[in-house]
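Q: Residue-level listing of the chains:
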Amino acid sequence: MNLRKYIKVYKKFLHTSLASELEYKTNIIVDLITAILSLIGSIFLLSIFFQNNGYIGGWKFEQALIIQGIYTILNGITNTWFNPNLTEIVKHIREGTLDFVLLKPIDSQFFISLKKINPSGFLEIMLGFFLLLYCIRINQINLTLSFLSLSLITISCSICILYSLWFFISTTTIWFVKTWNATEVLRSFLYIGRFPLNSFSFSLRVFFSIIIPIAFITTIPSEVFLGLSQMWKILLEVIVASVFLITSRKFWLFALKYYSSASS
Amino acid sequence: MVQNIIDVKNLSKSFDISSKEPGLKGTIKHFFRRQTKSLKVIKNISFEIKKGEIVGFLGANGAGKTTILKMLCGLIYPSEGSILVSGHLPFRRKENFLKNITLIMGQKQQLIWDLPPIESFYLNASIYDLDKFEAKKRIQKLSEMLEIDEELFIPVRKLSLGQRMKSELLAALIHEPNILFLDEPTLGLDINAQRKLRKFLQKYNRETNATICLTSHYMKDITSLCKRVICVHEGAISYDGKLDLLLKKLSPVKEILIVCRSEDDATKLENYGFTVKNKIKNEITIKIENNSITSSLKTILNNFDIEDLFINEPPIDEVIGKVLIKKDYDI
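Each protein sequence line maps, in turn, to chains A and B.
Each number in the working numbering corresponds to the 1-based position in the first sequence with 66 added.
Each number in the working numbering corresponds to the 1-based position in the second sequence with 1 added.
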């Protein structure tokens, strides 16, 4: 793979998608306002849950805010990259414009996963980041090198798991043609990730850890922030993320053999 | 000897197609128990195309023309048989192969809708690993050939269909491919835009010796661009050869309208032995076989007092229309 070419192409992707989005100023402003209101709403909802006894699943409100911060960053990444690109796969397959992607001398997964960008998602990432900084202060967390690297590793793994799940569902469009609903279900599950994994019943914990590891992706990085993480859990997250990423890649290459293109 | 750039042998393709009965009952049945059947859309076809050739694929809707093009450019895996394009197996989509081909579809677009075409051109240039200087040079050259200038800087959504198609062509040709697959490139364009596009394709073929495979329902595209046509009927090749031979075979007779000086001359001509289609006063229309046109006209001009004479070619659409419904042409 020619890395220099891929960096050059990605710069062009950034340039063209930012230029496309900036064509519609009002839309950007509405998106930015929505991101701020959504964060305020989520924190308000969380505070209601903690009003009675101050604890949910053994987590204090200040600790649960860390999960909210990580969730906001992940949601920002979803809105910036995953949503504009991965929902487009369904459109590409239904309308047959995937033809143009497949005939370009560039990796098709790279192209369809990163071509577009929604700049309003950046604000969410920043808001999540500031919320985390605030949580570090109120929870009196020491910023050590191991803490920073473990946080970075676990958050990166969470991003990989989320991307792979979404990409996997979108790829099934090659057979099922329309899978909007499946990606919407995934988005709804992502909301679950705002709450600590321990606050769910045992069966739901198993479901959200193994079947659809949504809670996994916010809870483990949050545990790293609070110094509660166990090394086996971090290792497990790294393994799960790698397996998901490799599987989604293999699945995409396999699915392309069944691509029949739309009729003209 | 010119080498083959496309080599297709015993190619077949089957698709699983689901069918649905009409009405609510049919819809419910279709939802719970989908019935699919394997449909062979391409049936054991073989052909070769030489470098620099322009070949038209003719056939009715659903005959399999687009499927053939998509298999040639590597979008669809063949079910049986072999395809070699420029020495590559297309469905492997190797970088060297993809840098050599392009696909243009009249009904689909790759340009970024909200931005001027120039942005899409530079994006494609980076994908084909062209530096900025080279990209600029090629954009300039192609835009001159396509006669587009200001349109390059206007958002695609505000361009007319003709301007958009020219821009699509430029985006698809920026990497200077050797093989062009064109699927109805003039679809929906007005007559002038169609003519300009054809002129451009002729020039591009002349200057670069690129091979062009073209499907179109506009017969003018086929007659002005292609010397050779491959007729596809229900997934099989019904004719592969020169277009003019096919036309001669399909319309062996020409109609000649003769305006005589007097009605008497017209009556004499009527009884001379030609096949008469009709006669109105001093005007008579006769049918003459293509191979005896010169001698017949000589006889008429020598023996009758003729005021005017018109040779009518049968409309090309009508002639080609016969191809679309016939299974085999043995020429």
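No lab work stands behind these hints: they were computed from the structure.
A couple of the hints might just be wrong.
Claimed, not checked - Here are the simulated lysine-lysine pairs, BS3-like style, with alpha carbons at most 25 Å apart:
#	chain 1	residue 1	chain 2	residue 2
1	B	K255	B	K280
2	B	K51	B	K100
3	B	K243	B	K278
4	B	K52	A	K323
5	A	K170	B	K21
6	A	K323	B	K299
7	B	K249	B	K288
8	B	K200	B	K52
9	A	K170	B	K52
10	A	K323	B	K137
11	A	K78	B	K243
12	B	K243	A	K170
13	A	K71	A	K91
14	B	K10	A	K323
15	B	K159	A	K157
16	A	K78	B	K41
17	B	K10	B	K109
18	B	K133	A	K74
19	A	K77	B	K221
20	B	K200	A	K74
21	B	K51	A	K323
22	B	K200	A	K157
23	B	K221	B	K10
24	A	K323	B	K44
25	B	K255	A	K74
26	B	K21	A	K71
27	B	K52	B	K159
28	B	K38	A	K71
29	A	K78	B	K137
30	B	K95	A	K77
31	B	K95	A	K74
32	B	K44	B	K197
33	A	K77	B	K200
Q: Take the hints in turn and mark each one as holding or not.
A: Verification of the supplied hints:
no.: 1; hint: B:K255 x B:K280; in the structure: 16 Å, holds
no.: 2; hint: B:K51 x B:K100; in the structure: 19 Å, holds
no.: 3; hint: B:K243 x B:K278; in the structure: 30 Å, violated
no.: 4; hint: B:K52 x A:K323; in the structure: 29 Å, violated
no.: 5; hint: A:K170 x B:K21; in the structure: 36 Å, violated
no.: 6; hint: A:K323 x B:K299; in the structure: 64 Å, violated
no.: 7; hint: B:K249 x B:K288; in the structure: 15 Å, holds
no.: 8; hint: B:K200 x B:K52; in the structure: 20 Å, holds
no.: 9; hint: A:K170 x B:K52; in the structure: 22 Å, holds
no.: 10; hint: A:K323 x B:K137; in the structure: 36 Å, violated
no.: 11; hint: A:K78 x B:K243; in the structure: 45 Å, violated
no.: 12; hint: B:K243 x A:K170; in the structure: 33 Å, violated
no.: 13; hint: A:K71 x A:K91; in the structure: 31 Å, violated
no.: 14; hint: B:K10 x A:K323; in the structure: 21 Å, holds
no.: 15; hint: B:K159 x A:K157; in the structure: 22 Å, holds
no.: 16; hint: A:K78 x B:K41; in the structure: 42 Å, violated
no.: 17; hint: B:K10 x B:K109; in the structure: 29 Å, violated
no.: 18; hint: B:K133 x A:K74; in the structure: 11 Å, holds
no.: 19; hint: A:K77 x B:K221; in the structure: 43 Å, violated
no.: 20; hint: B:K200 x A:K74; in the structure: 35 Å, violated
no.: 21; hint: B:K51 x A:K323; in the structure: 28 Å, violated
no.: 22; hint: B:K200 x A:K157; in the structure: 34 Å, violated
no.: 23; hint: B:K221 x B:K10; in the structure: 30 Å, violated
no.: 24; hint: A:K323 x B:K44; in the structure: 20 Å, holds
no.: 25; hint: B:K255 x A:K74; in the structure: 61 Å, violated
no.: 26; hint: B:K21 x A:K71; in the structure: 47 Å, violated
no.: 27; hint: B:K52 x B:K159; in the structure: 38 Å, violated
no.: 28; hint: B:K38 x A:K71; in the structure: 44 Å, violated
no.: 29; hint: A:K78 x B:K137; in the structure: 15 Å, holds
no.: 30; hint: B:K95 x A:K77; in the structure: 24 Å, holds
no.: 31; hint: B:K95 x A:K74; in the structure: 20 Å, holds
no.: 32; hint: B:K44 x B:K197; in the structure: 36 Å, violated
no.: 33; hint: A:K77 x B:K200; in the structure: 36 Å, violated
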